[in-house]
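Quick mapping for you: the protein sequence lines, in order, are chains A and B. Note that the working numbering has the first sequence beginning at 1, numbered continuously upward. Note that the working numbering has the second sequence beginning at 1, numbered continuously upward.
Hint data in this document are derived by calculation from the structure and do not stem from the laboratory. Careful, some of the hints might be misleading.
Stated by the list, open to error - Covered by chain A, according to a simulated footprint, are these stretches of chain B (three or more residues, beta-carbon under 8 Å):
# : segment
1 : 52-63
2 : 84-90
3 : 191-203
Built from N, CA and C at the ideal position, the CB exists for glycine as well.
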Amino acid sequence: MSTLSHAARIAWKDLRIELRSREIFYTMAFFGGLLAVVYSFVFPSNADMIKIAVPGMLWVSIAFAGTIGLSRAFDRERENDTMRALLLAPIPRLSVFLGKACSIAVLVLGVAVVVTPMLWLLLDVHLFDDPGVLILSLVLGSIGFALVGSVFSAALIKVRSRDVLLPVILYPLLIPLFVAGTSVTAGMLAGNQPKVWYWMGFLGVYDAVFLVVSLWIFESLVIE
Amino acid sequence: MTSRIDRVEISKVAKRYGTERALVNVSLELRAGSMCALLGHNGAGKTTLLGILSTLVRQNDGKVRYVGGGTEVEGDALRREIGLLAHSSLCYAELTARENLELVAGLYSIEGGTSAIEAVLDRVGLDARARDRLARTYSRGMLQRLSLARALLTRPSLVLLDEPFTGLDRGGALAFGAELAALRDGGAIVVVVTHDLEAIAGRTDHVAILRQGKLVFEERGTYDYEQLKDIYHRHAN
């Protein structure tokens with residue numbers, strides 16, 4: 001219980017700073033929105049092709065904008081060495097991980113909230129026909145992204161070339177998540193319920209597996 | 001439950017970064033109610049040793065034992081007893097002084113949070129009007145006061161300070177030195193890494209000098225500025 005309450009305290013601290021500065025969210029949302037605009041110009045205006053491509057557009061936008069957010073969220077902890085202060089606190093170190101992951105998941109979800117309607121408006125694809133499925137897949141996807149991203153961002157916090165290394169390490173691990181996410185969205189657009197729920201289950205399992213793995217390796221990765 | 005640390009035993013501690021040897025067989029004992037000045041040139045291994053003492057850096061060899069009330073103190077109970085004042089402020093620039101300390105009070109489950117925060121801010125002399133300003137608007141001196149407040153709020157029994165006088169004017173450095181002496185007199189173990197010998201002269205009662213990762217000098221006693229300078233130049237070079 002105290003692990004979760006300390007995690008909530010750390011997440012609230014991050015979100016409070018972000019609410020004050022709005023620096024990370026604006027950057028992520030602007031970049032995600034910009035990608036949606038670019039997609040609307042570079043893909044041929046063929047409705048069937050767009051319908052096939054839009055799930056990929058959505059999840060790639062989330063991945064790219066999310067990576068920017070990850071880097072900046074951990075840069076904040078690096079600026080005044082506050083990560084050391086968090087790790088020195090007499091709380092389970094898992095709280096630090098869960099708190100950071102939680103705040104990042106909220107930011108990534110925020111980007112999805114901006115990008116999804118933009119894709120709908122710009123490409124005229126009915127992404128909101130099944131809002132429950134859409135929301136659930138975006139929530140699970142954001143959680144998975146934040147779990148994996150937080151572990152490696154924390155581990156690379158003192159590495160000089162972390163901005164280059166982070167996507168190199170992160171994206172291969174995120175491929176299953178994006179395959180599942182795009183498959184859920186594609187299944188939803190095609191009205192293929194079995195496909196939707198198969199891949200939704202996959203997303204849930206992915207999150208559960210990486211939650212366990214992340215909790216297991218976080219401490220050993222962040223202590224020098 | 002708190003277990004104040006009354007002794008730290010560092011035995012044969014070694015640390016390597018790749019092939020670089022940062023510490024070689026360092027053995028040292030730190031006692032409650034003493035202030036150890038950890039001296040040496042840049043790259044001598046002082047910050048690495050402080051990192052190991054703070055539990056945030058793992059040594060490759062050797063052992064560090066933290067003893068309180070005759071038993072070894074470990075884990076969360078140990079971290080509760082460590083106060084760290086590092087090169088950086090360890091404070092969030094986008095939070096006010098009060099908000100930074102509220103976060104610390106929450107993480108350390110400090111009772112009487114608000115009154116404890118006000119008391120520690122009074123103690124370090126952070127101006128009342130500045131307490132609700134974002135830390136990023138602070139001068140270096142104010143930030144250093146906030147860092148000290150952060151370290152003192154948790155009432156640590158092992159206080160680790162890495163160049164605490166950086167950026168302070170002479171008066172501020174001497175006042176800060178007096179604050180450290182008060183901590184020592186209150187029974188804490190104070191370890192201070194510094195190049196400002198004047199600020200610790202007459203206050204430190206234990207001097208340890210590192211050179212290229214090796215402990216080359218250790219002595220207990222009281223030293224004035226000239227004595228400290230002489231010891232430093234004889235052993236650190």
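Status of each hint after checking the structure:
no. : hint    : verdict
1   : 52-63   : holds (count 5)
2   : 84-90   : holds (count 6)
3   : 191-203 : violated (count 0)
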